[in-house]
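J.: Now for the letters of each chain:
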Amino acid sequence: MSDMPMIAISGVNKFYGIYKALSEVSLDIAAGEFFSLLGPSGCGKTTLLRSIAGFETPSSGDIRIDGQSMLGVAPNRRPTNMVFQSYAIFPHLNVEENVSYGLKRLKLGTTEERRRVGDALDQVRLGHLGKRRGHELSGGQRQRVALARALVLRPKVLLLDEPLSALDKKLREEMQSELRALQKAVGITFVLVTHDQYEALALSDRIAVMFGGRIAQVATPKELYQHPLTRLTADFLGGMNFLSGKVVESAGAILSVETDRFGRLGIAAAASGGRPGDRITLGIRPERLRLLWDGERADHELQGRVTNRAYFGETTHLSVRVDGLEQPLSMIETNTYGADDLPIGEPIRLAYDPDAFVALADDETEDRIRKLD
Amino acid sequence: MSLLKPSRWRVLPFYMVLYLGFLYLPILLLPVFSFNNAAATRFPLAGFTTKWYASLWGNREMLDAAFNSLVVGICVAVLSTGLAICAARAVTRYRFRGRRAANGLIMAPLFLPEIIVAVSLLMIVLQVGAELSLLTVILGQVVFCLPYSMAVLTAGFDGFDRSLEEASLDLGETAFGTFRRVTLPVVAPAILSSLLVSFTISLDEFLLAFFLSGTEPTLPVYIWGQLRFAAKLPGVLALGSLMLALSICLLVAAEFLRRRTERQLSTGAASHV
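Note that the protein sequences, when read in sequence, are chains H and P. Going by our numbering, 330 is the number at position 330 of the first sequence; the sequence numbering is gapless. Going by our numbering, 42 is the number at position 42 of the second sequence; the sequence numbering is gapless.
What the hints contain is simulated information worked out from the structure, not anything from laboratory work. All values derive from a computational prediction rather than experimental measurement. Keep in mind that a hint or two might mislead.
Calculated Cβ distances over 12 Å to all of chain P for the following chain H residues [as the list claims (entries may be wrong)]:
hint: 1; residue: Asp28
hint: 2; residue: Arg114
hint: 3; residue: Leu129
hint: 4; residue: Asp205
hint: 5; residue: Thr220
hint: 6; residue: Arg309
hint: 7; residue: Asp362
Cβ-to-Cβ under 10 Å is the rule here; a few derived chain P residues that face chain H [as the list claims (entries may be wrong)]:
hint: 8; residue: Thr92
hint: 9; residue: Gly177
hint: 10; residue: Val182
Note that CB positions come from ideal geometry on N, CA and C, so glycine has one too.
The shape of chain P in the complex, shown without the other chains:
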């Protein structure tokens, strides 16, 4: 409470600026240097250029890695969202023995050290004798993304008033028609939001991809490999800036969808018993 007293108010804005600066200035440096006309990343800046971005287009390896990331991201998004839809529906709709335990176990990977998960998965893949490929990356990342999808979808389904489906049946619609005309559209934003979030996480994910990807690197793994060569750093910065921009766009879109659903549902289901 004492922080809220009028005499201390002047401290808080200062603290906030410091906090935001610490958090975001380093990230801002990334796009700044990606437009800098010099191979070395230091001040003063040497003038504006877009050549680092242009150089990306001719880079075969980079494009391959980007394509790999795209494939992995889409697969992970679809798989983890699909699995989470089933789980979230079960957890929000039904009361069954072990419901809390199931929910807890699904959410647990969120709190496990990722490197431990990655090593364990690597051991299993090697034990089974499977080959490391994009498939193993996808499977690993699904485990990792599932909690995020689950969190987004549980929130979406929780607000879903069951009487909406009953109302549809009552108005003459069939069970399938009800799913198509009511259930799906109402939860669609949450599903889309889950797809976007898991795609974004997959796109940025490094550890699992590093351990499980074999000879086909995803973008973060490719970037890691490039960091050894000082001359390639500006290209990496340009690539990083693009990924940053894409991630931000996707997450903003996901959050926008989530909020819109929440607002719509909050009024409909206020007093349902």
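Bound-form chain H, shown alone:
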């Protein structure tokens, strides 16, 4: 990776009338990175992707690709190619003709063109279906054609707009690992838009989480999942138990927080900081709480009662009521030892790791900070 980012987005705003689709978006994406834009529908992730492709023009700000400003550069002159959500396979052309569509303009000569089309189709394992038309292909195959058609032009950046959302679960998981392998093989910068947090976590080198036209956090999947900055981000990325605590001491970046049932916890300060006396929100992921069976002991234990149970095959999701806590705690237990057979109302003990808590900024607070900037 060179020092210069492949994509440099700086201060991009996009208005539709008075509706603000993108708000002061700044982002650097490195060459060769698999980068995901993650967020709920309407958060601006697709608008941002389409701005990189050139189908939307930012109201202000700049997008540079490989050092060159893309302001006023038409989509057909950008070093990007896109895989559309609908795949947009040309219905009047067969698979090979679809893939060679963009090559025709390069005037490579028949042999070279054939070779590149063949290579691209082999790459997505569609070599045997070259003569088929779009409507004769399955969803997964159409997706591969769209991939091959974009990759055959050897773009600097491949843009993927919810490419897996139309596939069923099994196929989606297959295509995820294939997509990841493909990206490693070709080494091209991938920018993926998705609303599926598991997809983003499984595929990406880094993820930008977006809400309401803003970027809330950019981090690696693990960092994002384990140390979300705000309550909204934490919630969007998976289950989270929220509880409130009172800061009793602030020593550098470590806060000492008094909680209702979990005792005094030492926690890395959230972006919003915290002075002694402040009430802050804490979070702990359901899988960081562990059920204790008879005879098991842990340094940090709590007692509660099972109030609800949902069976998910390999795991069971439990709701546990702990006296003194406003909300029941959710837990995820693997079904190795029979968590799926716990009766409702059963008294249980659970263990927690005091280091697994994170301090979360409220999103209003975060907004205020952004405005002050």
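Position chain P relative to chain H; hints supplied.
T.: Relative to chain H, chain P alone:
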């Protein structure tokens, strides 16, 4: 629901045969009598002949009328399809004030009594002082054919996924190249289908042509004129059979094209937002 109960199933095939017979037997009589070796159209048949068809070739008036119909049909097909392409593209692609109203007004001639339209057009032509000619027939029939073209093209354009054009731009093609390599080929079957349908309708159309054609009759007007002479009836039947065959071929071709487009487009655009 009660018709679908097993005990009633036997009634339905009978009804269907009756229905089809009522609909198509009279039309079948046309080609049957056109090969009948007798001037009168009654049973029993008097033997096979093709002389009525042969007689058509020597018939100067008939050939003129056929040529007129051809000219009118082609002009009407091109004009109504051309206008409908613009309208259908606007209606399917853009959201604008009055879109539904515009669409409704274009489709309305479908439900207006044709004879009223014909009389109104005749009045206007006479008011303006223009001469009745093939041109007036063409203009009248365009109004009449436009809804059909519009229906065929709207269906075709509706299935057109806008991201196809974006994909083409994204792959490096210019706006004009995109129109030539993607837009046109994808909607071509719908356009061809519209051409065929409007040509067929024009070919068979009688009322407007009768009112607006002046001294140059189209085929249906010519046939109407010939019906007064009993001796010429078999020739008319032969001519009618040919027109019938041609119409069926054209409509089958149009429908085939329409279905093929639909099938191709239905998969490409399934989930576009």
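J.: For every hint, state whether the structure bears it out.
T.: Evaluation of the provided hints:
1. Asp28: holds, 23 Å
2. Arg114: holds, 18 Å
3. Leu129: The assertion about Leu129 (chain H) holds, with a minimum of 15 Å to chain P.
4. Asp205: Correct as stated: the minimum Cβ-Cβ distance to chain P is 24 Å, above 12 Å.
5. Thr220: holds, 29 Å
6. Arg309: About 35 Å separates Arg309 (chain H) from the closest Cβ of chain P, which puts it past 12 Å; holds.
7. Asp362: holds, 32 Å
8. Thr92: This hint is violated: Thr92 (chain P) lies away from chain H, its Cβ roughly 16 Å from the closest one there, beyond 10 Å.
9. Gly177: holds, 8 Å
10. Val182: holds, 6 Å
Figure legend: structure checked against the earlier numbered hints; the only hint not met is number 8.
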